[in-house]
Amino acid sequence: MTRGTVVVTSAAVAWCAFVLITTLLPDGPALTPTAVYLPGFLVLPVVTYTLHRARENALLCVAHVPWPVLVAGSAVAVIGWLFSWGGLVGRPGTETLSAVAGLVIVLHVAFGLIAIGLARTDY
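Counting in the numbering used here, the sequence shown runs from 1 upward without gaps.
Worth flagging that the hints you see were computed from the coordinates, not collected in a lab.
Take these hints with a grain of salt, some might be off.
Stated by the list, open to error - Label-pair distances were calculated between CB atoms; the ranges are: (1) 121 - 45: 17 to 23 Å; (2) 91 - 121: 42 to 48 Å; (3) 85 - 14: 18 to 24 Å; (4) 56 - 27: 46 to 52 Å; (5) 24 - 68: 41 to 47 Å; (6) 45 - 78: 39 to 45 Å; (7) 78 - 52: 26 to 32 Å; (8) 48 - 28: 29 to 35 Å; (9) 38 - 82: 20 to 26 Å; (10) 48 - 69: 20 to 26 Å; (11) 37 - 86: 16 to 22 Å.
We put the beta carbon where it would ideally sit given N, CA and C, even for glycine.
Construct the entire structure; sequences and hints are all you get.
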């Protein structure tokens, strides 16, 4: 299940990144926050399962993540964080969509990194 958790978190981050990119394009499709509700609902099982497996060793699990993956994940989380609090926004009218997608990205990246560490250590 941990490898599946990594796949789920990666897919959710990729979908939310696509949603954010469409908000940056001047003639992109008009999406609503419902476009990120499905990845948003995936946060609960990912968080629950990862915390259940990692418990107090979450930081130890992150220590087992390969350095390039950790740096790339951290960069994606910072970009998602900038979108979630409004530091970056797309077209006018997409602020709510950007905030929701950014928050989903931050949560999935954080718990995805823990899940990668769990998968590498077979905890």
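Hints, verified against the model:
With their beta carbons about 21 Å apart, residue 121 and residue 45 fall inside the hinted range of 17 to 23 Å. For the pair residue 91 and residue 121, the supplied restraint of 42 to 48 Å holds, since their beta-carbon distance comes to about 43 Å. Distance hint check: the CB atoms of residue 85 and residue 14 are about 22 Å apart, consistent with the given range 18 to 24 Å. The hinted window of 46 to 52 Å between residue 56 and residue 27 holds, with their beta carbons roughly 49 Å apart.
In this structure, residue 24 and residue 68 break the distance hint of 41 to 47 Å, their C-beta atoms being roughly 26 Å apart. Between residue 45 and residue 78 the beta carbon distance is about 25 Å. The supplied range of 39 to 45 Å is therefore violated. The hinted window of 26 to 32 Å between residue 78 and residue 52 holds, with their beta carbons roughly 27 Å apart. Between residue 48 and residue 28 the beta carbons are some 33 Å apart, a value that agrees with the proposed interval 29 to 35 Å.
Checked against the given bound of 20 to 26 Å, the beta carbons of residue 38 and residue 82, roughly 23 Å apart, stay inside it. Between residue 48 and residue 69 the CB atoms are about 23 Å apart, so this pair conforms to the stated range of 20 to 26 Å. About 20 Å separates the C-beta atoms of residue 37 and residue 86, a value consistent with the hinted range of 16 to 22 Å.
Against the hints set out earlier in the document, violations occur for numbers 5, 6.
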